[in-house]
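Chemist: Sequence:
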Amino acid sequence: MRRPTVVQPMEPVSPMRWSRYPINTMKDTPAEAELVSHRLMLRAGLIRRLAAGIYTWTTLGLLTLRKVEAIVREEMDRAGAFEVLMPAVQPAELWQESGRWGEYGPELLRLQDRHERDFVIGPTHEEVITDFVRRDLQSYRQLPVNFYQIQTKFRDEIRPRFGVMRGREFIMKDAYSFHLDEASMAAGYAAMRDAYTRMFTRMGLDFRAVRADSGAIGGSASEEFQVLADSGEDAIVFSDGDAYAANLEMAEAVAPAAPRAAPAAALERVATPQVRTIAALTAFLNVPAAQCAKTLLVEAADGGVVALVLRGDHELNAVKAQKLAAVASPLRLASAEAVLAASGAEPGFVGPVGLKCPVIADRSAVVMADFTCGANAHDTHLTGVNWGRDLPEPQVADIRNVVEGDASPTGTGRLSIMRGIEVGHIFQLGRKYSEAMNCAVLDEAGRSTTLLMGCYGIGVTRVVAAAIEQNHDDRGIIWPEPIAPFQVVLVPINPAKSQRVRETADRLYDEFTRAGIEVLLDDRDARPGAKFAVAELLGIPHRIVVGDRGLDAGKLEYRHRRATESEELAVDDALAFIRSRLAPR
RNA sequence: CGGGGUGUAGCUCAGCCUGGUAGAGCACUACGUUCGGGACGUAGGAGUCGCAGGUUCAAAUCCUGUCACCCCGACCA
Numbered sequence: 001m002r003r004p005t006v007v008q009p010m011e012p013v014s015p016m017r018w019s020r021y022p023i024n025t026m027k028d029t030p031a032e033a034e035l036v037s038h039r040l041m042l043r044a045g046l047i048r049r050l051a052a053g054i055y056t057w058t059t060l061g062l063l064t065l066r067k068v069e070a071i072v073r074e075e076m077d078r079a080g081a082f083e084v085l086m087p088a089v090q091p092a093e094l095w096q097e098s099g100r101w102g103e104y105g106p107e108l109l110r111l112q113d114r115h116e117r118d119f120v121i122g123p124t125h126e127e128v129i130t131d132f133v134r135r136d137l138q139s140y141r142q143l144p145v146n147f148y149q150i151q152t153k154f155r156d157e158i159r160p161r162f163g164v165m166r167g168r169e170f171i172m173k174d175a176y177s178f179h180l181d182e183a184s185m186a187a188g189y190a191a192m193r194d195a196y197t198r199m200f201t202r203m204g205l206d207f208r209a210v211r212a213d214s215g216a217i218g219g220s221a222s223e224e225f226q227v228l229a230d231s232g233e234d235a236i237v238f239s240d241g242d243a244y245a246a247n248l249e250m251a252e253a254v255a256p257a258a259p260r261a262a263p264a265a266a267l268e269r270v271a272t273p274q275v276r277t278i279a280a281l282t283a284f285l286n287v288p289a290a291q292c293a294k295t296l297l298v299e300a301a302d303g304g305v306v307a308l309v310l311r312g313d314h315e316l317n318a319v320k321a322q323k324l325a326a327v328a329s330p331l332r333l334a335s336a337e338a339v340l341a342a343s344g345a346e347p348g349f350v351g352p353v354g355l356k357c358p359v360i361a362d363r364s365a366v367v368m369a370d371f372t373c374g375a376n377a378h379d380t381h382l383t384g385v386n387w388g389r390d391l392p393e394p395q396v397a398d399i400r401n402v403v404e405g406d407a408s409p410t411g412t413g414r415l416s417i418m419r420g421i422e423v424g425h426i427f428q429l430g431r432k433y434s435e436a437m438n439c440a441v442l443d444e445a446g447r448s449t450t451l452l453m454g455c456y457g458i459g460v461t462r463v464v465a466a467a468i469e470q471n472h473d474d475r476g477i478i479w480p481e482p483i484a485p486f487q488v489v490l491v492p493i494n495p496a497k498s499q500r501v502r503e504t505a506d507r508l509y510d511e512f513t514r515a516g517i518e519v520l521l522d523d524r525d526a527r528p529g530a531k532f533a534v535a536e537l538l539g540i541p542h543r544i545v546v547g548d549r550g551l552d553a554g555k556l557e558y559r560h561r562r563a564t565e566s567e568e569l570a571v572d573d574a575l576a577f578i579r580s581r582l583a584p585r
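So for the first sequence, the working numbering puts the first residue at 1; every next one is plus one.
Source of the hints: derived by calculation from the structure; they are not laboratory data.
One thing to keep in mind: the hints can contain errors.
Stated by the list, open to error - Restraint ranges, calculated between C-beta atoms of paired labels, are given here:
id : residue 1 : residue 2 : range
1  : A255      : A436      : 36 to 42 Å
2  : G102      : N438      : 16 to 22 Å
3  : E233      : E93       : 45 to 51 Å
Treat the numbers as computed from the prediction; the structure is a model and nothing was measured.
C-beta atoms are modelled at their ideal positions from N, C-alpha and C, and glycine is treated no differently.
Build the full structure now, drawing on both the sequences and the hints.
Modeler: Written out as structure tokens, the structure is:
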């Protein structure tokens, strides 16, 4: 028996016979891939890299990508949003009008046309949609309205990495809603929150909605949808006492319950040669880090410097710090020269005592008593320092990252920290863009009213990577069924040798296909082990093996991708059996 | 952008130190043997050694420059 010969072009072929389907898997992992999802996407042949952060989606990869898109589209439509498709290339004028031409920075890919007119490749579409709406909507009667698109974006990331997880070119679903008043904006936001919850639930992902910083996009209320995965780039914070969940950037660190103790020690100067870090200090003086003050000098909004004081075992939260009026945004550490000028010492020996600049202490730092800190002199620290006695009471703010075990800001429970992958982000934007771009309609009373906006993003390509990050084992991908490229893989054993096997597999394939089940028939003349290994790499949820061994008893073998054992089923029951195992769609 | 590293066949890499015929495994093609967990044999196709300059009788190898990519830190769907 020969291998399946190449089918002539005129001959109708069924698209899902493996021998005719473009699947290209790899045994070796390309050296560039660090993250599991990136490795598996390359090995399974879902994506191929063209340049840094720029990928081709293969036929196989597209099957999953399109399924994710379809779920997103269905839920957006269900929520009453209307699909549009905006240009990827946008004129600079719109960005100048909104002010972001100057604000956005190098992440915005700018280009010129032949007439030397400036354009950008859209990293997001607030400007374009606002322009569209201000031209097309004239009456409050047309509100509220929500437009969305599923489209390719480009962000010239500082460091693209992890394959499609943090690519420069990526597919995003972005939606923008327009409202006459706050209540309507809040309702539109809530509707999107529900839609997102439905989508990610349908996709079979373990995710959480968490409070977030609204960052560069601007606006007020904002939540991120985070897929839980140890490899996630974001730290997310949960309370064990209630539903509180927030991005670490946003999670409030509450003031300690216990008041500051009365001073018990005298202020002393101690020589601490070469002791520049909290770790070195705790070792050298044998004091706990929580008893030390960490003083960071950062650039001030007025051009000078500001001292930020934290407990030695805590970390500065840059997002919180740069929101303080006195602190320059974005946050930058003061230069070594500026540190010397303000403190009289080099970094490592700075402390809040006698500093010639404003001092802002964290809520946890201000309740310390008898603490240790830099003396603002070379190779010297102070011990037994007390606020109020040895230095003025500082301004107090929440400027640190919460840590595991902190009290929840809601007052109930303790905080724990997990890792997440941000796959969605929803914002109430308010009038940031509509005001800058004069997007208004006439209200009931005939008054011109600037619209309120919400915007809602989903990283469609990132969702695929996140799903793999959360669903894999050492053999490969384990797709959640709703986004699997195929629901079923049919594996005939030695079909070239057994006509019975071949015919049974063909018949099941036709039967399943007619029933609307997405089935891939592995009709290659490969060894069984190779077929199993590749099917597992691809992560197809349901596998049916057709072999002479089973057919002698009229049986097939079924195995779910997550199962470790196969089960038998009668050939004649195959369709009914598979239907019973498929998730309702 | 700062720090570290890598560019040799589609993929993983050896060769470079010590200059002299460009290699292995996987993948691919043909044939044969094999056939329930990524088989084996034989034969074959496939590489401007990232690019440019220099040194040299001779450069994948040494030197200079340049580009690309990867990893670690500040941004985001």
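Chemist: Are the hints correct? Go through all of them and say.
Modeler: Here is how each hint holds up against the structure:
1. A255 to A436: 36 to 42 Å: The hint (36 to 42 Å, Cβ to Cβ) holds, given that A255 and A436 are roughly 38 Å apart.
2. G102 to N438: 16 to 22 Å: At 19 Å between Cβs, range holds.
3. E233 to E93: 45 to 51 Å: violated (34 Å)
Hint check: a violation occurs at hint 3 only; the rest are consistent with the structure.
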